[in-house]
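Novice: When you get a sec, could you build the whole thing from the sequences and use the hints?
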Amino acid sequence: MIYMDNAAATRLDERVWEAMRPYYLDSFAVATSEFGHSMGLDARETLVNARTELTQRLGIKEKELVFTSGDTESSNTALKGVARSLEDKGKHIVVSAIEDFPVLNSAKALERRGYKVTYLPVDADGLLDMEALKSALTKETVLVSVQQANQEIGTLQDLKAIGEIAHDKEVLFHTDATHAFARVPTDYGRLPVDLVTISAHTIHGPKGVGGLLVKEGTPFSKWMDGGFQENNLRAGLENIPGIVGFAKAAELVSEEENERIRKMRDVLIERLLSEVEDTMLNGHRTKRVPQNANITYHYVEGESITLHLDMREIEVSTGSACFSRSLEASHVIMGIGGNHERAHGSIRYSLGRFNRIEEAQEVVEAMKDIIKRLREISPLKHKGGK
Amino acid sequence: MPLPYNAIVMEHFKNPRNVGKMENPDGKSTVGSPACGDMVSVYLEVDEKTKVITKVMFESYGCASNIATGSIITELAKGKTLEEAKKITWKEASDALGGLPKIKSHCSVLAVEGLRDAITNYEEKHGLVVEKVPTTLEVIRRRLKNVLNPLTGLDIVRTSLVTEMGIKDGVVTISIDLPEDHQFANNIKEEIKEKIETLWDVTRVDLVFKK
Numbered sequence: 008m009i010y011m012d013n014a015a016a017t018r019l020d021e022r023v024w025e026a027m028r029p030y031y032l033d034s035f036a037v038a039t040s041e042f043g044h045s046m047g048l049d050a051r052e053t054l055v056n057a058r059t060e061l062t063q064r065l066g067i068k069e070k071e072l073v074f075t076s077g078d079t080e081s082s083n084t085a086l087k088g089v090a091r092s093l094e095d096k097g098k099h100i101v102v103s104a105i106e107d108f109p110v111l112n113s114a115k116a117l118e119r120r121g122y123k124v125t126y127l128p129v130d131a132d133g134l135l136d137m138e139a140l141k142s143a144l145t146k147e148t149v150l151v152s153v154q155q156a157n158q159e160i161g162t163l164q165d166l167k168a169i170g171e172i173a174h175d176k177e178v179l180f181h182t183d184a185t186h187a188f189a190r191v192p193t194d195y196g197r198l199p200v201d202l203v204t205i206s207a208h209t210i211h212g213p214k215g216v217g218g219l220l221v222k223e224g225t226p227f228s229k230w231m232d233g234g235f236q237e238n239n240l241r242a243g244l245e246n247i248p249g250i251v252g253f254a255k256a257a258e259l260v261s262e263e264e265n266e267r268i269r270k271m272r273d274v275l276i277e278r279l280l281s282e283v284e285d286t287m288l289n290g291h292r293t294k295r296v297p298q299n300a301n302i303t304y305h306y307v308e309g310e311s312i313t314l315h316l317d318m319r320e321i322e323v324s325t326g327s328a329c330f331s332r333s334l335e336a337s338h339v340i341m342g343i344g345g346n347h348e349r350a351h352g353s354i355r356y357s358l359g360r361f362n363r364i365e366e367a368q369e370v371v372e373a374m375k376d377i378i379k380r381l382r383e384i385s386p387l388k389h390k391g392g393k
Numbered sequence: 002m003p004l005p006y007n008a009i010v011m012e013h014f015k016n017p018r019n020v021g022k023m024e025n026p027d028g029k030s031t032v033g034s035p036a037c038g039d040m041v042s043v044y045l046e047v048d049e050k051t052k053v054i055t056k057v058m059f060e061s062y063g064c065a066s067n068i069a070t071g072s073i074i075t076e077l078a079k080g081k082t083l084e085e086a087k088k089i090t091w092k093e094a095s096d097a098l099g100g101l102p103k104i105k106s107h108c109s110v111l112a113v114e115g116l117r118d119a120i121t122n123y124e125e126k127h128g129l130v131v132e133k134v135p136t137t138l139e140v141i142r143r144r145l146k147n148v149l150n151p152l153t154g155l156d157i158v159r160t161s162l163v164t165e166m167g168i169k170d171g172v173v174t175i176s177i178d179l180p181e182d183h184q185f186a187n188n189i190k191e192e193i194k195e196k197i198e199t200l201w202d203v204t205r206v207d208l209v210f211k212k
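Heads up: the protein sequence lines correspond to chains P and G, in order.
Under the numbering used here, the first residue of the first sequence carries the number 8, and numbering increases by one thereafter.
Under the numbering used here, the first residue of the second sequence carries the number 2, and numbering increases by one thereafter.
No lab work stands behind these hints: they were computed from the structure.
Cβ coordinates follow ideal geometry from the N, Cα and C atoms, glycine included.
Treat each hint with caution, since some may be false.
Said to hold, decoys possible - Simulated crosslink set (DMTMM-like; lysine to aspartate or glutamate; CA at most 20 Å straight-line):
hint	chain 1	residue 1	chain 2	residue 2
1	G	22	P	372
2	P	388	G	191
3	P	70	P	52
4	P	388	G	24
5	G	146	G	207
6	G	22	G	181
7	G	56	P	376
8	P	388	G	195
9	G	15	P	322
10	G	15	P	376
11	P	270	P	171
12	P	270	P	12
13	P	388	G	182
14	P	379	P	320
15	G	81	G	124
16	P	379	G	96
17	G	15	P	372
18	P	388	G	181
19	G	103	G	124
20	G	15	P	320
21	P	294	P	277
22	G	15	P	52
23	G	211	G	156
24	G	103	P	335
25	G	15	P	383
Stated by the list, open to error - Below, a sample of chain P positions facing chain G; criterion: calculated Cβ distance under 7 Å:
hint	residue
26	92
27	112
28	116
29	310
30	328
31	346
32	348
33	384
34	385
Unchecked claim - Beyond 10 Å from chain P on every Cβ pair, some chain G residues (computed):
hint	residue
35	81
36	147
37	159
Specialist: Okay, here's the thing in structure tokens:
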């Protein structure tokens with residue numbers, strides 16, 4: 008099987024599993040028991056070490072990282088937490104139109120509670136409209152939330168420029184870095200960002216573990232009541248095995264690996280665009296994460312393509328409306344062009360550690376054949392074609 | 002199988018029957034779904050005397066349930082008279098496929114509509130329409146609502162792709178907000194002509210593209 012849906016979920020790395028295993032079977036206490044017994048002390052030490060490993064990688068202080076249950080919790084906490092903390096300042100938040108659902112739907116939830124939300128447009132490559140950002144900010148604005156990398160088209164935003172604009176107006180800046188974390192090494196400590204969402208599931212770590220970077224001094228409100236874990240920023244039993252796995256997963260991502268993945272991505276993009284006619288790349292050609300290729304095949308529909316690929320044991324994803332439960336075309340593809348047809352035939356290939364270059368070549372051959380077959384039965388091919 | 006489609010649907014999706022474009026069909030239609038952007042074309046070959054469908058073909062710009070329904074509907078229609086084929090329902094098509102996921106009903110209804118439209122197209126071309134109502138702008142507007150704008154997945158009237166319409170002495174003029182060399186200009190032109198030209202009192206359809 009060729010799995011190229013790593014933006015949705017990745018296979019756990021065995022080394023991550025081995026690192027996690029003892030904390031399920033042997034040393035299973037929680038860190039809050041550190042004064043009660045030695046197993047609790049071991050848990051505390053383990054938690055501290057994992058936090059150190061991750062915060063060094065992220066370029067932040069240890070107390071600036073809150074472990075969560077994943078990117079959905081992190082982004083919910085960031086948006087709703089800031090909104091609640093600063094409700095006396097104002098009730099306006101600004102997000103990009105192509106955010107992933109944790110941010111987008113948190114913004115919509117706030118909108119229902121009376122907040123004003125500005126959805127910023129992006130250009131044809133998915134890059135944020137900076138002028139729109141500047142003019143969106145008012146005295147009432149409490150937060151700007153713009154992702155680091157897009158979940159579907161992989162476009163990377165200029166966090167520095169966005170953060171400077173926000174900070175210039177004394178507005179906090181949150182970024183969802185779920186699809187950039189580790190694949191695009193970033194020193195968040197030096198960037199003008201206040202809150203950052205990260206997750207383990209995109210880098211061969213365990214599901215259900217993530218983090219929220221909260222820079223020192225950022226207004227923050229704890230929303231789950233319970234214990235005093237995570238510096239009293241998040242109540243709930245620490246997921247020690249998950250956190251250990253998260254740190255290990257981050258440690259295992261190397262520059263060489265990212266470069267190897269980038270090469271596979273380039274094979275996909277270059278060969279598919281040149282060898283299959285009437286195709287187009289979605290997202291920026293160079294300002295994009297190394298693991299993402301997203302291509303529209305005109306005159307054919309995405310669900311039909313994914314099913315044909317599945318029959319050949321190749322797993323990918325599509326932005327077609329037919330593929331979604333809501334029957335809505337991808338808001339990302341619509342956001343970069345407002346074009347239903349482009350979403351209809353879009354395919355996302357997201358790569359990971361376990362993909363090999365031969366697989367990329369095999370996928371290209373399979374695509375050529377499937378697109379040819381589907382175009383043979385498409386009414387648009389001979390009418391709309393040049 | 003973890004897929005939402007059963008084995009019969011998947012078989013028709015993998016090996017669709019009666020697929021392709023028919024040269025010089027006796028009746029034809031192209032219909033689109035505003036919900037998801039799928040499109041289907043249906044072509045008919047009809048025995049003039051017996052009014053039996055001797056050959057039927059389809060094309061699909063759609064998902065698996067759209068392709069599978071196109072396949073089954075052509076199988077069901079083949080050998081039937083126009084009157085019999087008109088009565089084929091979505092339920093019959095869905096039953097013949099062993100059931101389709103509910104959420105996919107709109108993509109599969111499309112093939113049924115395509116068949117009915119192709120039959121209407123045949124009847125109009127062959128003067129089989131009994132009731133001869135004069136064509137008005139309202140009639141034209143109603144027909145154009147069945148032409149899909151592939152760019153938005155919605156019909157060309159609702160998406161303001163049609164900027165002006167006129168009818169005079171059997172000549173219909175329709176202005177389209179697209180340049181003539183646009184990738185879908187030809188496609189839209191053909192579909193409009195197909196929907197309007199068959200009206201009994203229309204002699205010609207002129208399309209005016211954006212300069």
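Novice: Evaluate each hint against the coordinates.
Specialist: Hints, verified against the model:
1. About 26 Å separates the Cα atoms of residue 22 of chain G and residue 372 of chain P, which puts this hinted pair outside 20 Å; it is violated.
2. At roughly 13 Å between alpha-carbon atoms, residue 388 of chain P and residue 191 of chain G fall within 20 Å of each other, so this suggested pair holds.
3. Distance hint between residue 70 of chain P and residue 52 of chain P is fulfilled; the C-alpha atoms sit about 15 Å from each other, no more than 20 Å.
4. Straight-line distance between C-alpha atoms of residue 388 of chain P and residue 24 of chain G comes to about 15 Å, which keeps the hinted pair within the 20 Å bound.
5. Under the criterion of a C-alpha separation no larger than 20 Å, the hint pairing residue 146 of chain G with residue 207 of chain G is consistent with the structure, at around 18 Å.
6. For the hint pairing residue 22 of chain G with residue 181 of chain G, the CA-to-CA distance comes to about 24 Å; that exceeds 20 Å, so the pair is violated.
7. Of the pairs offered as hints, the one joining residue 56 of chain G and residue 376 of chain P is violated, with about 28 Å between alpha carbons and a cut-off of 20 Å exceeded.
8. The straight-line distance between the Cα atoms of residue 388 of chain P and residue 195 of chain G is roughly 18 Å, inside the 20 Å bound, and the hint therefore holds.
9. For a cut-off of 20 Å, the pair hint linking residue 15 of chain G to residue 322 of chain P stands: about 17 Å separates their Cα positions.
10. For the proposed pair residue 15 of chain G and residue 376 of chain P, the alpha carbon gap of about 13 Å is at most 20 Å, so the pair holds.
11. For a cut-off of 20 Å, the pair hint linking residue 270 of chain P to residue 171 of chain P is broken: about 33 Å separates their Cα positions.
12. For a cut-off of 20 Å, the pair hint linking residue 270 of chain P to residue 12 of chain P stands: about 17 Å separates their Cα positions.
13. Proximity of residue 388 of chain P to residue 182 of chain G is assessed by CA-CA distance (about 15 Å); at most 20 Å being required, the pair is judged to hold.
14. Between residue 379 of chain P and residue 320 of chain P the CA atoms are separated by roughly 18 Å; this keeps the pair inside 20 Å, and the hint holds.
15. Taken as a hint, the residue 81 of chain G and residue 124 of chain G pair is honoured in the structure, with Cα atoms around 15 Å apart against an allowance of 20 Å.
16. At most 20 Å may separate the alpha-carbon atoms for a hinted pair to count; residue 379 of chain P and residue 96 of chain G exceed this at roughly 30 Å.
17. A C-alpha spacing of about 18 Å is found between residue 15 of chain G and residue 372 of chain P, which places the hinted pair at or below 20 Å, so the restraint holds.
18. Straight-line distance between C-alpha atoms of residue 388 of chain P and residue 181 of chain G comes to about 17 Å, which keeps the hinted pair within the 20 Å bound.
19. Taking the CA atoms of residue 103 of chain G and residue 124 of chain G, the gap is about 32 Å. The hint is violated against a cut of 20 Å.
20. A threshold of 20 Å between alpha carbons decides the hint, and for residue 15 of chain G with residue 320 of chain P the separation of about 15 Å falls inside it, so the pair holds.
21. Taken as a hint, the residue 294 of chain P and residue 277 of chain P pair is honoured in the structure, with Cα atoms around 16 Å apart against an allowance of 20 Å.
22. With a C-alpha separation of about 56 Å, the suggested pair residue 15 of chain G and residue 52 of chain P falls outside the 20 Å cut-off, and the hint is violated.
23. The hinted pair formed by residue 211 of chain G and residue 156 of chain G meets the criterion: a straight-line CA distance of about 18 Å does not exceed 20 Å.
24. Between residue 103 of chain G and residue 335 of chain P the alpha-carbon distance is near 16 Å, which keeps this suggested pair within the 20 Å criterion.
25. Annotation: proposed proximity of residue 15 of chain G to residue 383 of chain P holds, straight-line Cα distance about 13 Å (limit 20 Å).
26. A cut of 7 Å between beta carbons decides the hint on residue 92 of chain P: the least distance to chain G is about 40 Å, and the hint is violated.
27. Taking 7 Å as the C-beta contact cut-off toward chain G, the hint placing residue 112 of chain P at the interface is violated, the least distance being around 20 Å.
28. For the restraint placing residue 116 of chain P at the interface with chain G, the shortest Cβ-Cβ distance is roughly 25 Å, beyond the 7 Å limit, so the hint is violated.
29. Because the closest C-beta pair between residue 310 of chain P and chain G is about 4 Å apart, less than 7 Å, the hint holds.
30. The restraint placing residue 328 of chain P at the interface with chain G holds, with a minimum CB-CB distance near 4 Å, inside the 7 Å limit.
31. The interface hint given for residue 346 of chain P is met, as the beta carbon of that residue sits about 6 Å from the closest beta carbon of chain G, less than 7 Å.
32. For residue 348 of chain P, the suggested interface contact is upheld, since its CB lies about 5 Å from the closest CB of chain G, less than 7 Å.
33. Using the Cβ-Cβ criterion of 7 Å, the hint placing residue 384 of chain P at the interface with chain G is satisfied: the shortest such distance is roughly 5 Å.
34. For residue 385 of chain P, the interface hint holds, since its Cβ comes within 7 Å of a Cβ in chain G; the closest pair sits about 5 Å apart.
35. Against the 10 Å criterion, residue 81 of chain G stays outside the reach of chain P, whose nearest CB is about 23 Å from its own CB.
36. Residue 147 of chain G, annotated as away from the interface, keeps every beta carbon of chain P farther than 10 Å; the closest lies near 14 Å.
37. Here residue 159 of chain G stays apart from chain P, with its beta-carbon at least about 13 Å from theirs, past the 10 Å limit.
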